[in-house]
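**Student:** Given next are the chains, with one letter for each unit.
Protein chains: 2
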Amino acid sequence: MRRTPIVDALQAEEASKEIKICGWVRTRRDAKGFSFLELNDGSCLKNLQAIVDEAVPTYEIIKDVTTGAAVEVLGELVPSPGKGQKWEVRVTKLALLGSADADDFPLQKKRHSDEFLRQIAHLRPRTNKYGAAFRIRSEAAFAVHKFYRDKGFFNVHTPILTGSDCEGAGEMFRVSTLPATGVEAPKEGSVFDNDFFGREANLTVSGQLEAELLAMGLGKVYTFGPTFRAENSNTPRHAAEFWMIEPEVAFADNVDNMDLAEEMTKYVVKHILENCADDIELFAKFVDKELMGRLENIINEPFARVSYTEAVDLLLAAKKKWEFPVEWGIDLQTEHERYLAEEHFKKPVIVYDYPKDIKAFYMRLNDDGKTVAAMDVLVPRIGELIGGSQREERMDVLLERINEMGQNPEDYWWYTDLRRFGSVPHAGFGMGFERLLMLVTGITNIRDVIPFPRTPQHIEF
Amino acid sequence: MRRTPIVDALQAEEASKEIKICGWVRTRRDAKGFSFLELNDGSCLKNLQAIVDEAVPTYEIIKDVTTGAAVEVLGELVPSPGKGQKWEVRVTKLALLGSADADDFPLQKKRHSDEFLRQIAHLRPRTNKYGAAFRIRSEAAFAVHKFYRDKGFFNVHTPILTGSDCEGAGEMFRVSTLPATGVEAPKEGSVFDNDFFGREANLTVSGQLEAELLAMGLGKVYTFGPTFRAENSNTPRHAAEFWMIEPEVAFADNVDNMDLAEEMTKYVVKHILENCADDIELFAKFVDKELMGRLENIINEPFARVSYTEAVDLLLAAKKKWEFPVEWGIDLQTEHERYLAEEHFKKPVIVYDYPKDIKAFYMRLNDDGKTVAAMDVLVPRIGELIGGSQREERMDVLLERINEMGQNPEDYWWYTDLRRFGSVPHAGFGMGFERLLMLVTGITNIRDVIPFPRTPQHIEF
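Sequences listed follow chains A and B, in order. All residue numbers for the first sequence refer to the UniProt record's numbering, where the first residue is 1 and numbers rise by one. All residue numbers for the second sequence refer to the UniProt record's numbering, where the first residue is 1 and numbers rise by one.
A hint or two may mislead.
Any copy, or any two copies together, can satisfy a pair, since identical chains are not distinguished.
As the list claims (entries may be wrong) - In silico SDA-like pairs for lysine to any residue, Cα to Cα no more than 20 Å straight-line:
{"#": "1", "residue 1": "46", "residue 2": "161"}
{"#": "2", "residue 1": "151", "residue 2": "45"}
{"#": "3", "residue 1": "86", "residue 2": "115"}
{"#": "4", "residue 1": "346", "residue 2": "314"}
Rather than coming from a laboratory, the hints here were simulated on the basis of the structure.
Required output: the full structure, derived from the provided sequences and hints.
**Tutor:** Printed below as a string of structure tokens:
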């Protein structure tokens, strides 16, 4: 007999003579002549209650059916007289699949700190909070795919291993099959001549450049995959390995780009509210009391849009003490981003047309010669959620900008080639998937929206 | 005015007074007083024909509107008198977005070899074949997500960076921020004490172990992400970076596992046939004449299932000269796998219960003490498409197997922990996404189903 997932049992339309449920015991309560088990199998937040009468043949094993143990029960699905549950199971057969010694099992029924749970990241998916977080993560990922597919985008897998170390060499992880020690620099050529790829290889920090290549053939594409930063910074918003969503659209300008970013953010939030109601409710209740208001605001209000120059004026006019002084030309810091989104606009705000000197070479130079057609989406609590731009499609301007940034155009022969052969205006952005999840759940530490986070000194599991 | 993707224009229900089309010129033909342009924007295989009359104000730029150039046209969508196309555009405004010098543009209208196109992987998405391949890749990825979500699985992102080098150390890529040369082994401790993670870090070869951890909380999960092998082998079936789909199911045995593998394979093939008809037709016509028959067979016929022992008997009875001699205990080679699928069964075949000595420690030991509850799906032309097993859920047997394989149980404290706390029978498998795409398209080289393939000595783009 096939097991029925608890999510289906709880939504059953009618009682059932025989049902098989498997799950982990969240709690056991014993009464005279029978025991109540709260079972959870991960399929949803809610538990299913199973009642085991002492008449059940294997009732004597009940002493081992402790919190954390796994059981299989056969029984009858019947209406529950209890509050808050429509159905319960009257058990006719009980089997212990795996015990969980009550003295050792770390997830006893009590509140555990996030720090403690990170140390047992292999077990925390069995808690309400992390089960909910990872179910939401899954559904948000699906929403991303569905959104782009419905809009005619193609999902492309851009490479993780890259030979280009140009976008910030110091912060990349090097990938190698050479020995870790005892390697001497050769007299001629490069040490990497003998490496797997015959040249230096790194982990990608962004799939953008390759996504652009694909957009120039397929029109509208997006990547959704892991990216890497070797930044030695221990903040609640940074991880060494995280997932990014990067759409790239041919025949699009920076306004199209902002429209897409806003539409996508709203879509995913709405999809999660509609498809993960129970799990979101947990976060709204126990993690962030203002969560629902913020999510409703994201869905219902148009995002504010201001130029960088206007944003700087707003920051200068603000009656705030800034840790990082504000003047035209600075890169906005999290304190500035959060002020704009949280205090000034009280909703997401898109800042566009940034000074060219603080942005990458590939962003399209505006006619003023001072700014580029970049745009960032800033949201309350997080700051930057999305960063993007129209890309420089003009060969001469692009080459000038590569040189200005002190880089070598030959490293980008394939990238500049696209400006030689059927160049078109195009735009795209990158959204940190974990930041989106922090926004959606109210979770404040990036380590808690990633099943097995990687940060400096942490690579366990 | 917004551009209309060509896929939408071609499926229009009625003519339109004004439409904007952007795309790359596949061909231009000039006639007396007007020119025909075949435009493609990547949204589908088919081109849209645009007719530019010499009366169009900018008609003089037509000389630069060569193969590979990008244009924007405004015009009227009208019924086409030509064969094989319902609609065409009568252009009223023509703009050149980017030219493509006819002498330099590598993709002139002629047949190019796959080898040549790999060298210009940044441009090949603009060819019919690779456009089709990457659209199919996208749709197949969506089908995978949809299949699992509809069945109540959660998508989990298992880590790419791993501290465990246990599954085949020699074939892993090391990830480091230490200098590449001049590093000396320290007198005490490890050289990796000073590395980013404080220990040796590698790129994952499989998300399985972490997926198991998540399945023990969420019930049914799957990973779909990049995996890495540092094998220095140049075969048409191997790449250093490829994507894998790995479901992991709690409360499931090896028969459930085979059922899931078969159902999933059929689902994706069916989805592609239904959603990518034009693109598949290209492969059936020009790449593999037997493609449609093979795909129909996969959908309509139940997969064969035989034990490893039966499979060995079939191979011994076959009137074939084997390069690798057959006897009970050997690992099946591609020649054996293909014989079973192509010649003996003439359809996909699932081989189960392999000798324990050729399989990994985590596969569940059968009662015979000689075999494990593994299963591989073998398909015509490819050989192994899927490999999986029921996992060893019994702590004592698992520890014995880890020791037998000469590994250290302490490296797996979190993996074995799951057998201490609520252990349950569970099973899962890994499917190479690129092999699935080779099966679906008839493409024979893995380098041609990956946008930017990584193989020994190749990391360009």
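**Student:** Compare the structure with each hint and give your call.
**Tutor:** Results for each hint:
1. 46 / 161: Intra 41 Å, inter 33 Å, cutoff 20 Å: neither.
2. 151 / 45: Classified as between; 17 Å across copies, 32 Å inside a copy.
3. 86 / 115: neither (36 Å within a copy, 63 Å between copies)
4. 346 / 314: within (14 Å within a copy, 71 Å between copies)
In this structure, the hints that do not hold are numbers 1, 3, in rising order.
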